[in-house]
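Student: In the order they appear, the protein sequences are chains B and R.
Its first residue numbered 1, the first sequence is counted upward by one per residue in this note's numbering.
Its first residue numbered 1001, the second sequence is counted upward by one per residue in this note's numbering.
Since the hints were made in silico from the structure, they are not lab data.
Misleading hints may appear alongside valid ones.
Restricting the straight-line Cα-Cα distance to at most 25 angstroms, the calculated cross-link-like pairs of lysine to aspartate or glutamate (DMTMM-like) are [what the hints assert, rightly or not]:
no.	chain 1	residue 1	chain 2	residue 2
1	R	1166	R	1009
2	R	1127	B	131
3	R	1115	B	4
4	B	116	R	1180
5	R	1115	B	187
6	R	1082	B	120
7	R	1168	R	1067
8	B	135	R	1081
9	R	1024	R	1055
10	R	1166	R	1006
11	R	1115	B	131
12	B	158	B	187
13	B	135	R	1067
14	R	1250	R	1207
15	R	1118	R	1055
16	R	1135	R	1180
17	R	1250	R	1222
18	B	135	R	1123
19	B	135	R	1207
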Amino acid sequence: MGLDFSIIPKYLDVVLLGAAWTMGITVASAILSFFGGIVFAVIALYAPWIIRQPFRLIEWVFMGTPLLLQLFLIYFGLVQIGIDLPAFVAGIIGLGLHFAVYNSELIQTAILAVDKGQMEAARTLGLSRGEALRKVVIPQAVRAVIPPIGNNMIALLKDSALVSVIGVSELTLSAQRVIGKTYRPFEFYILAAAFYYVINLCMEWVQRKIERRIAISR
Amino acid sequence: MTEQTDFVEIRHAQKSFGALEVLKDISLSVTRGQIVGIIGSSGSGKSTLLRAINDLDPLTGGEIWLDGVQVNKSLPHRQYEKHINEMRQQVGMVFQHFNLFPHMTARENVTMAPKMLKGLSQEAADKLAEEQLDKVGMLERIDYYPSQLSGGQKQRVAIARALAMKPKLMLFDEATSALDPELVEEVNLVMKRLAEEHMTMIIVTHEMDFAASVCDRVLFMDKGVVVEEGPPATMFKHPTKERTREFLRKHIEGAK
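Construct all of the structure, not just a fragment, from the sequences and the given hints.
Tutor: Structural data, given as structure tokens:
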């Protein structure tokens, strides 16, 4: 059986829908991982011991175990304790928290690297430590780590294919389903790859825009 | 409170970093509107003393009083934080390295604290920013970011930022030391203008000419003590202590 790309248009809508899901899940979990990363970083650096210690455990779970296992745990495991999440929500939470932990590592380092004169200047004006962190230190730390966070977000996009295993019809799973009907794996995996590539380009474009915008304010 | 009362009073200030004693029983009082210069070589404790006044470097002994209120009074942690934040709103500080917030424009640098702490509306804050930046000659750069400004311009914005909180007292920690020589004058001019408005100021400086022209009193510090103090005319022309003479001689040689 030779290659025949002319079959693509017939199933393009299915794959397109999958791509839309992939984009939606990626954007939602990217946002969760960004703000989650900031919250995690603040907890890791400044929360009292009683909060910080259990948090370390959560952090370890998300960094030290496979994302696939985490998705199973959130989707299938939580049902047993009465938390029955729709698959795509479980996927967003899993991806979001997983990458929040990685973003948190970056943001922590960046917070510590902000010149201590910044905190002093803010405190001198009468801001509390928390206010100074929120208005002065964290915004600078976040600006400093936009490029590596962008890299994490590209990784997130690629790992979003894993949510197919809990039944979310995202790009990879949609391609698989079409292949199940047509027995044309090469054509449709290539098509899916092309979509990933395009989404990837869009994300890089957004990242460049953000970097250019903040360049002046660093 | 009358004009004669001590406005800032430092009583037996003592500060140690571990075994190192950087301030040894310093007492000093400053009346309202007075401009006090502190000179001395690096490591003499002059910056530490200045930073103790708004509790950036808390003392290990002694008391700081501002306008009848003790700055470093002993309170439970939370209450102390609240107290010190209120005290700091009354004391403006200008740093050697400006410490402008790089992610904010000049306007935002000036308005951030008044908006946050005094609840100023955006309009009132904008008016305040225009007023304060105009005062330091930076109005035309109001929407520039620090990265777009020269050192002297940054320092002038930093002064405007401090003034926007309407402080009772201004502290200058070597405000011109990090500037290129040709940019020093513009900052000095702003400080002179403040002096003319009778702002109470304590100025740590390496610039003897400036101290001589602006200050009512000059203190010479060495190894954590005030060696000698007096009006600039006496201090610079007829210092009585050998250590002061030696410092001034070295400084004049250095300037040449």
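Student: Now, for every hint given, state plainly whether the structure supports it.
Tutor: Here's how the hints hold up against the structure:
Restraint check for residue 1166 (chain R) and residue 1009 (chain R): the C-alpha separation of about 20 angstroms stays at or below 25 angstroms, so the hint holds. Simply put, residue 1127 (chain R) and residue 131 (chain B) have alpha-carbon atoms about 23 angstroms apart, close enough for the 25 angstroms limit, and the pair holds. A C-alpha spacing of about 65 angstroms is found between residue 1115 (chain R) and residue 4 (chain B), which places the hinted pair above 25 angstroms, so the restraint is violated. At most 25 angstroms may separate the alpha-carbon atoms for a hinted pair to count; residue 116 (chain B) and residue 1180 (chain R) meet this at roughly 23 angstroms.
Proximity of residue 1115 (chain R) to residue 187 (chain B) is assessed by CA-CA distance (about 59 angstroms); at most 25 angstroms being required, the pair is judged violated. With a C-alpha separation of about 16 angstroms, the suggested pairing of residue 1082 (chain R) with residue 120 (chain B) holds against the 25 angstroms cut-off. A threshold of 25 angstroms between alpha carbons decides the hint, and for residue 1168 (chain R) with residue 1067 (chain R) the separation of about 9 angstroms falls inside it, so the pair holds. Between residue 135 (chain B) and residue 1081 (chain R), the direct Cα distance comes to roughly 18 angstroms. Compliance with the 25 angstroms bound is thereby established for this hinted pair.
Between residue 1024 (chain R) and residue 1055 (chain R), the direct Cα distance comes to roughly 17 angstroms. Compliance with the 25 angstroms bound is thereby established for this hinted pair. For the given pair, residue 1166 (chain R) sits about 20 angstroms from residue 1006 (chain R) by alpha-carbon distance, which is consistent with the 25 angstroms threshold. In summary, the hint linking residue 1115 (chain R) to residue 131 (chain B) is supported, as the alpha carbons are separated by about 12 angstroms, within the 25 angstroms threshold. For the proposed pair residue 158 (chain B) and residue 187 (chain B), the alpha carbon gap of about 19 angstroms is at most 25 angstroms, so the pair holds.
With a C-alpha separation of about 30 angstroms, the suggested pairing of residue 135 (chain B) with residue 1067 (chain R) is violated against the 25 angstroms cut-off. A C-alpha spacing of about 13 angstroms is found between residue 1250 (chain R) and residue 1207 (chain R), which places the hinted pair at or below 25 angstroms, so the restraint holds. A distance of roughly 21 angstroms separates the Cα atoms of residue 1118 (chain R) and residue 1055 (chain R); the hinted pair therefore holds under the 25 angstroms criterion. Taken as a hint, the residue 1135 (chain R) and residue 1180 (chain R) pair is honoured in the structure, with Cα atoms around 22 angstroms apart against an allowance of 25 angstroms.
At roughly 14 angstroms between alpha-carbon atoms, residue 1250 (chain R) and residue 1222 (chain R) fall within 25 angstroms of each other, so this suggested pair holds. Restraint check: the Cα-Cα separation between residue 135 (chain B) and residue 1123 (chain R) comes to about 20 angstroms, which is no more than 25 angstroms; the hinted pair holds. Between residue 135 (chain B) and residue 1207 (chain R) the alpha-carbon distance is near 34 angstroms, which puts this suggested pair outside the 25 angstroms criterion.
Checked against the numbered hints given earlier, the structure breaks hints 3, 5, 13 and 19 and satisfies all the rest.
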